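Given the coordinates of chain R, work out where chain H should sit on it, guided by the hints.
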Amino acid sequence: MPHITNVMICTCTNCISNSALDIRDSLESEIKRRELEDDVLVVPTGASGLCVNGPILIVQPEGIFYQHLKTKDIPNLVEEHFLKGRPVKSLMYVPPGQDSPIPELRSIPFFKDQRLIALRNRGLIDPDSIDEYIARDGYKALAKVVTSMKPEAVIKEISDSGLRGRGGAGFPTGRKWESRRKDPRTPKYVVCNADEGDPGAFMDRSIIEADPHSVIEGMAIGAYAVGASSGYVYLRMEYPLAVKRMQLSIEKAREYGLLGEDILGLGFDFDLQIFKGAGAFVCGETTALVASIEGKIPEPRQRPPRTTLWEKPVVINNVETWANVPVIVNWGAKWFSQIGTETSKGTKVFSLAGNINNAGLVEVPMGITLREIVYNIGGGIPKGKQFKAVQTGGPSGGFIPASLLDLRVDYEQLDAAGSMMGSGGMVVMDENTCMVEMARYFVDFTNDESCGKCTSCREGSLALLQILQRICRGEGREGDVELLEELAEAIKDASQCGLGQSLSNPVLSSLKHFREEYEEHVKNKRCPAGVCKALITFDIDKEKCTGCRLCAKKCPQDAITGEAKEPHVIDQEKCIKCGVCVDVCKFEAVSIT
Amino acid sequence: MIQKASDKVGAVLVVGGGVGGMQASLDLAESGYKVYLVEKAPSIGGVMAQLDKTFPTNDCAMCTLAPRMVDCGRHPDIEKLIYSEIESIEGEVGNFKVSIRKKARSVDPDKCTGCGECVAHCLVRNIVYMDRPGREPVQMEESMRVKVDDILDSYRGGPEIIVPILHDVNEEFNWLPPEALLRIAEVKEIPIEHILRIASFYNAFSLTPKGKHVIRVCTGTACYVKGAQRILDTFARELSVDVGGVTEDGQFSLETVNCVGCCGQSPVITVDEDIYGYVNQTMAQDLLGKYT
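Taken in order, these protein sequences are the chains called R and H. Residues 1 to 593 (the working numbering) are what the first sequence spells out, left to right. Residues 594 to 885 (the working numbering) are what the second sequence spells out, left to right.
By construction, these hints were calculated from the structure, which means they are not laboratory data. Model, not experiment: these values are computed from the prediction. C-beta: ideal position from N, C-alpha, C; glycine also. Among the hints, erroneous ones may be present.
As the list claims (entries may be wrong) - Distance condition first, Cα-Cα at most 25 Å in a straight line; then the derived BS3-like pairs of lysine-lysine:
id, chain 1, residue 1, chain 2, residue 2
1, H, K740, H, K803
2, R, K276, H, K740
3, R, K296, H, K646
4, R, K533, R, K385
5, H, K781, R, K276
6, R, K544, R, K565
7, R, K182, R, K156
8, R, K84, R, K70
9, R, K70, R, K32
10, R, K553, H, K883
11, R, K244, H, K740
12, R, K72, H, K883
13, R, K296, R, K312
14, H, K646, R, K492
15, R, K544, R, K554
16, R, K296, H, K781
17, H, K695, H, K633
18, R, K276, H, K805
19, R, K554, H, K883
20, R, K70, H, K883
21, R, K453, H, K646
22, H, K673, H, K601
23, R, K276, H, K803
As the list claims (entries may be wrong) - Some chain H residues judged to face chain R by a derived CB distance under 7 Å, without partners named:
id, residue
24, A797
25, G813
26, Y817
27, C852
28, G854
29, C856
30, Q874
Just chain R, with the same shape it has in the complex (with noise of 0.2 Å):
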């Protein structure tokens, strides 16, 4: 008999760091204590989206939504929610600013915005179980494909349905498989990016750790659309929970008969395995990743000739793309087409992060504006703080200051505005977010992450990177801001890859739109927002201190002097500006300067 209740609850690595699996056990035992276990079913499942407030618990078929769980709330949940039939308002979701929770899943602003297709399983399946995903119309499109289309019908769809890649590029996918599938050379391969390096991203991650078997069928597709019979995921090492959940998936989907050979007794042979990645961000570029796979040194090189593995012609699409697939063929492509932008089809999923209340996984049409995502998905700010930028793309993307907010987001636009898609981070950055020491943060990354083939990124990264820390030193001299732009134009315009072309983007975008905090912090040796330690000084506002002590407690050099119940003093001599002060204060009393 099925359950009258399934607890959905979420396990992606986000809730896991926050004891996700403890409170699953303890739920479990309750149930069972309560002998609820005929009723009441615990569903592991993928990320539901609002990581911000993980641990989450979904109470389905009603969609009541639980947050910020802990083991001890468990006892009195499974006793009021699943025996008297009362929802627990403490354990709901409060709006930032509101006073009342709101129960449904359906009706928080979070989600109500969003339109799921390459998360359409999110938090509604067990990621480990092959039968939930064949319960909702998993497998129908291979089976599909695989019996009543041919090849050249399936990559017509495709075409049709206006499908870009999601790594970032936007390449039109039809068009890729076009491509590789006139190509004489045999055997063929697909691979997988789920070499998801940016920092600050984690899309990848979670379609794969939510729906792993999302991404074997649009494999399975693409490999019957091009001729290919064997295919790669590369999966980053960073995340081992996505590594195992998949490796459990292929395994089962062979089980069943849904890879390796013989295909659902049609004669399709396809076989799919993971590859390790081993930390190096270059191998998100095509050409480095294959030479990975080769076993190579990962070095990008140029292009054309086009990308190949083993000497064979290879299809390597992004984990987004190949989720979109089965929909694509279930639906058609007269339906994705109508979804999205003129240019720009379909949905795209975003990581929304940083300085922002609803940090989480959302998936939006195209054509959305960032002030949407931003304040009305996102939820602002907060601590009531301003709005500086949004910083798309990664490493390679830019800035996107308040003024541009009501950019309608989709591959062109981002272009336009000096950023770029890429797979998809978004980072928020509030008032005290310093955008010289950002721009320094991210050419210290590709600095580190160039692979040092070419002598502009090589070395013009080293170069833009010194300057830049001089600059946030307070050493910053005359006509350095003049430099940088120079430097990183010539950078741009010599290097190969994708890496070296875009590592100068973080610059020249905060340089377009965030020139003057450049400006003072060279002339007036001034950080505006109260980052860069060289150029800033901790002071206490006799007024606001109540003299309890804590700062004087928690202080690493014993900088703070002062008598209980008395104002504090900072002697400047002995702070190293470490910001412990700041974090523990309650009442705001140290202000930076």
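Okay, now just chain H, sitting in the frame of chain R:
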């Protein structure tokens, strides 16, 4: 020696066709001298042609060499005497007589296009390449050898197995001991130089031993915006260790990681397999107590 100006020939012999010899020949030819360039190998280019990059600027060797080779090859005033050796030199400054033995090449240089088909089809050359002198067997502890060999046994194939093997070895020992790398090279017949390049290219592999617990502070953008640098500074201060280093007692390694994809709970750190979200400086101090 006294110069006899009247006997000057106006031609120069350059011995050795490496990058130095080629540059000298080009400079001389450009100054109007007739140059004879003698090289004992079957081609000009020398050792530099075998290098990838040059010290200390890391410039691409071929980028320096190739233009000079082409110029030398085309220059009408440079006569290349390739695959040749000097037998004797007589005379004095300004007027030497040199006899050169040109070895039998059995290839007509005027017709040869350098396609390389003959090399690929030559049976004798392949025999020479197979007779490599053996290396000394790798010395290592028996327990380590068993572990490494177990890992190596589970992989078959060409160079593509190297990254998975290094993953396993790194996981087993928490770093890549030099003996283990030499053993991989020995058993799988992959040059140790290639293994070292791969091992040093990827961040996941360590060529130095690590602490018992590895603390990784995520410095992805989301964590950075929310103060990851200060968390990192706190750990460095509390453990008195630099980022990338190991504490004196060998208990902790402190590292950064680019992004663990837990941006929803930033700032995030990982200690060994455990992930901690919403870390602040006070919590960082408390966390260390849990692992000591």
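A quick look at each hint next to the structure:
With a C-alpha separation of about 19 Å, the suggested pairing of K740/H with K803/H holds against the 25 Å cut-off. Simply put, K276/R and K740/H have alpha-carbon atoms about 21 Å apart, close enough for the 25 Å limit, and the pair holds. Taking the CA atoms of K296/R and K646/H, the gap is about 17 Å. The hint holds against a cut of 25 Å. The hinted pair formed by K533/R and K385/R meets the criterion: a straight-line CA distance of about 21 Å does not exceed 25 Å.
With a CA separation close to 20 Å, the supplied pair K781/H and K276/R stays within the 25 Å bound. A C-alpha spacing of about 11 Å is found between K544/R and K565/R, which places the hinted pair at or below 25 Å, so the restraint holds. Taken as a hint, the K182/R and K156/R pair is honoured in the structure, with Cα atoms around 14 Å apart against an allowance of 25 Å. Distance restraint check for K84/R and K70/R: the Cα-Cα separation of roughly 21 Å lies within the 25 Å cut-off, and the hinted pair is therefore satisfied.
At most 25 Å may separate the alpha-carbon atoms for a hinted pair to count; K70/R and K32/R meet this at roughly 19 Å. At most 25 Å may separate the alpha-carbon atoms for a hinted pair to count; K553/R and K883/H meet this at roughly 21 Å. Between K244/R and K740/H the CA atoms are separated by roughly 23 Å; this keeps the pair inside 25 Å, and the hint holds. Annotation: proposed proximity of K72/R to K883/H holds, straight-line Cα distance about 21 Å (limit 25 Å).
Note on K296/R and K312/R: the hinted pairing holds, with a Cα-Cα distance of about 16 Å set against a maximum of 25 Å. Taken as a hint, the K646/H and K492/R pair is honoured in the structure, with Cα atoms around 23 Å apart against an allowance of 25 Å. Taking the CA atoms of K544/R and K554/R, the gap is near 19 Å; set against the 25 Å cutoff, the hint holds. Distance hint between K296/R and K781/H is fulfilled; the C-alpha atoms sit about 15 Å from each other, no more than 25 Å.
A hinted pair counts as satisfied when its Cα atoms are at most 25 Å apart, and K695/H with K633/H qualifies at roughly 9 Å. Among the hinted pairs, K276/R with K805/H is consistent with the structure: their alpha-carbon atoms are about 24 Å apart, no more than 25 Å. For the proposed pair K554/R and K883/H, the alpha carbon gap of about 19 Å is at most 25 Å, so the pair holds. At roughly 20 Å between alpha-carbon atoms, K70/R and K883/H fall within 25 Å of each other, so this suggested pair holds.
Annotation: proposed proximity of K453/R to K646/H holds, straight-line Cα distance about 10 Å (limit 25 Å). Between K673/H and K601/H, the direct Cα distance comes to roughly 21 Å. Compliance with the 25 Å bound is thereby established for this hinted pair. Under the criterion of a C-alpha separation no larger than 25 Å, the hint pairing K276/R with K803/H is consistent with the structure, at around 21 Å. Given the 7 Å rule on beta carbons, the hint for A797/H holds: about 4 Å separates it from the nearest Cβ of chain R.
For G813/H, the shortest C-beta to C-beta distance to chain R is roughly 3 Å, which falls under 7 Å, so the interface hint holds. The interface hint given for Y817/H is met, as the beta carbon of that residue sits about 6 Å from the closest beta carbon of chain R, less than 7 Å. The closest approach between the C-beta of C852/H and any C-beta of chain R is roughly 4 Å, which is under the 7 Å cut-off, so the hint is satisfied. Taken as an interface hint, G854/H checks out: its beta carbon lies about 4 Å from the nearest beta carbon of chain R, inside 7 Å.
The beta carbon of C856/H comes within 4 Å of a beta carbon in chain R, closer than 7 Å, and the hint placing it at the interface holds. At about 5 Å, the closest approach between the beta carbon of Q874/H and any beta carbon in chain R falls short of 7 Å, and the interface hint on this residue holds.
Against the hints set out earlier in the document, no violation occurs for any number.
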